[in-house]
Amino acid sequence: MALMQTLALVAAALLGALAFPLAARSSTAVLSDNTPAPDFVLKSTDGRNLRLSEYRGDVVVLSFWASWCGSCRAALAELNSIAAGTSADRPVVLGVSLDGDAGRASSFAQSLGLKFPTLVDAHQAVGRLYDVETLPLTLLVDRDGVVRGTWAAAPAPQAELTQALQEIGQ
Amino acid sequence: MMRQPPDSARRLRWLAWASMLLVAGGTLVAGRAGAEDPAQQTRVVDQDVQDLKKQLIDLNRDLFKLEEEILYPASTQVAVFLSVNVGTFFALDSVTIKLDDKEVANYLYTEREVQALHRGGVQKLYLGNLKAGKHELVAFFTGKGPHELDYRRGATLSFEKAVGAKYVELRISDREASLQPEFVVRQWD
Numbered sequence: 001m002a003l004m005q006t007l008a009l010v011a012a013a014l015l016g017a018l019a020f021p022l023a024a025r026s027s028t029a030v031l032s033d034n035t036p037a038p039d040f041v042l043k044s045t046d047g048r049n050l051r052l053s054e055y056r057g058d059v060v061v062l063s064f065w066a067s068w069c070g071s072c073r074a075a076l077a078e079l080n081s082i083a084a085g086t087s088a089d090r091p092v093v094l095g096v097s098l099d100g101d102a103g104r105a106s107s108f109a110q111s112l113g114l115k116f117p118t119l120v121d122a123h124q125a126v127g128r129l130y131d132v133e134t135l136p137l138t139l140l141v142d143r144d145g146v147v148r149g150t151w152a153a154a155p156a157p158q159a160e161l162t163q164a165l166q167e168i169g170q
Numbered sequence: 171m172m173r174q175p176p177d178s179a180r181r182l183r184w185l186a187w188a189s190m191l192l193v194a195g196g197t198l199v200a201g202r203a204g205a206e207d208p209a210q211q212t213r214v215v216d217q218d219v220q221d222l223k224k225q226l227i228d229l230n231r232d233l234f235k236l237e238e239e240i241l242y243p244a245s246t247q248v249a250v251f252l253s254v255n256v257g258t259f260f261a262l263d264s265v266t267i268k269l270d271d272k273e274v275a276n277y278l279y280t281e282r283e284v285q286a287l288h289r290g291g292v293q294k295l296y297l298g299n300l301k302a303g304k305h306e307l308v309a310f311f312t313g314k315g316p317h318e319l320d321y322r323r324g325a326t327l328s329f330e331k332a333v334g335a336k337y338v339e340l341r342i343s344d345r346e347a348s349l350q351p352e353f354v355v356r357q358w359d
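Residue numbers (my numbering), protein chains in the order written: chain S, 1 to 170; chain G, 171 to 359.
Hints listed in this document are in silico derivations from the structure and should not be mistaken for laboratory results.
Possibly wrong hints are sitting among the right ones.
[Said to hold, decoys possible] Examples of chain S residues lying across from chain G (beta carbon under 10 Å, computed):
| # | residue |
| --- | --- |
| 1 | 41 |
| 2 | 42 |
| 3 | 49 |
| 4 | 51 |
| 5 | 54 |
| 6 | 146 |
A virtual CB, placed ideally from N, CA and C, is assigned to each residue, including glycine.
Using the sequences and the accompanying hints, generate a full structural model.
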């Protein structure tokens with residue numbers, strides 16, 4: 001009986017040890033503010049390869065979207081107005097399409113007249129890196145590559161985004 | 171007879187001492203800051219901060235080297251480097267490396283990275299471990315070739331991994347006679 005109890009305790013301890021990394025992961029989600037934005041490189045619809053870390057020194061607004069996502073359209077239109085601004089210190093806007101098909105992403109971007117690069121995450125590897133669970137997902141990354149704001153499931157409210165940009169000196 | 175501690179253990183001990191020294195240095199800086207006039211204090215603190223920064227960079231470099239030594243010991247280490255010599259006939263987009271038919275690296279190059287390679291930079295594309303014996307490395311290069319045409323080429327190297335570290339270089343160069351790019355895989359002795 002004592003042996004059974006010991007075995008049960010060892011099994012419970014092992015299960016706990018195995019479950020711990022998952023628990024730790026959820027408590028330190030990549031998307032939480034003030035954490036470094038994971039670096040990635042993706043091909044854009046115009047054929048260039050763009051790496052996030054090469055934008056250090058610039059404020060970056062990163063937006064994950066897909067052509068089948070209804071509210072992404074509004075989010076992208078809003079970001080387009082930021083990208084089309086004439087201010088010299090306007091942020092860099094990067095869109096990441098999770099469509100998995102460069103052709104579809106490109107035609108969707110063209111139909112919206114996007115004035116910022118559309119990156120194609122064909123295998124959703126970057127989507128997984130950023131724990132994208134809902135679309136659209138917008139992130140504000142400061143000049144040091146640190147996430148300073150996230151907006152999920154709906155377009156980032158213009159006022160909130162403007163205020164966040166002002167707070168980081170943009 | 172006393173056993174000598176392994177190299178990595180000695181290094182770790184040394185790093186622990188260095189960290190303690192850094193902390194002690196920081197305490198000293200704080201102590202000195204309170205003793206002199208403000209202008210001099212600022213200069214002294216600034217100098218001390220610069221010294222500490224330098225020590226931190228050195229410490230970080232040593233940690234990096236130590237990590238590499240532990241994860242990739244010389245007996246099993248294999249490293250693949252990429253260089254570009256002129257490269258006017260080929261605009262590099264990506265490189266994929268297969269070792270013994272298993273994909274181990276896939277790298278997409280940005281414009282800035284390609285420029286750095288053209289200026290003479292050498293990139294460490296892959297670092298890993300391999301058992302001693304015969305192995306095969308296949309590298310696939312994709313990009314734009316002459317006349318802006320999509321270009322994909324492969325280069326293969328069969329090599330014997332001995333006890334020491336193995337270094338392999340992938341080199342992209344121009345073959346002037348045929349106006350075509352050339353992809354060479356060679357071992358460093």
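Verification of the hints:
no. : hint : in the structure
1   : 41   : holds (5 Å)
2   : 42   : holds (8 Å)
3   : 49   : holds (4 Å)
4   : 51   : holds (5 Å)
5   : 54   : holds (6 Å)
6   : 146  : violated (19 Å)
This entry does not satisfy hint 6, going by the numbered hints stated previously; all others are met.
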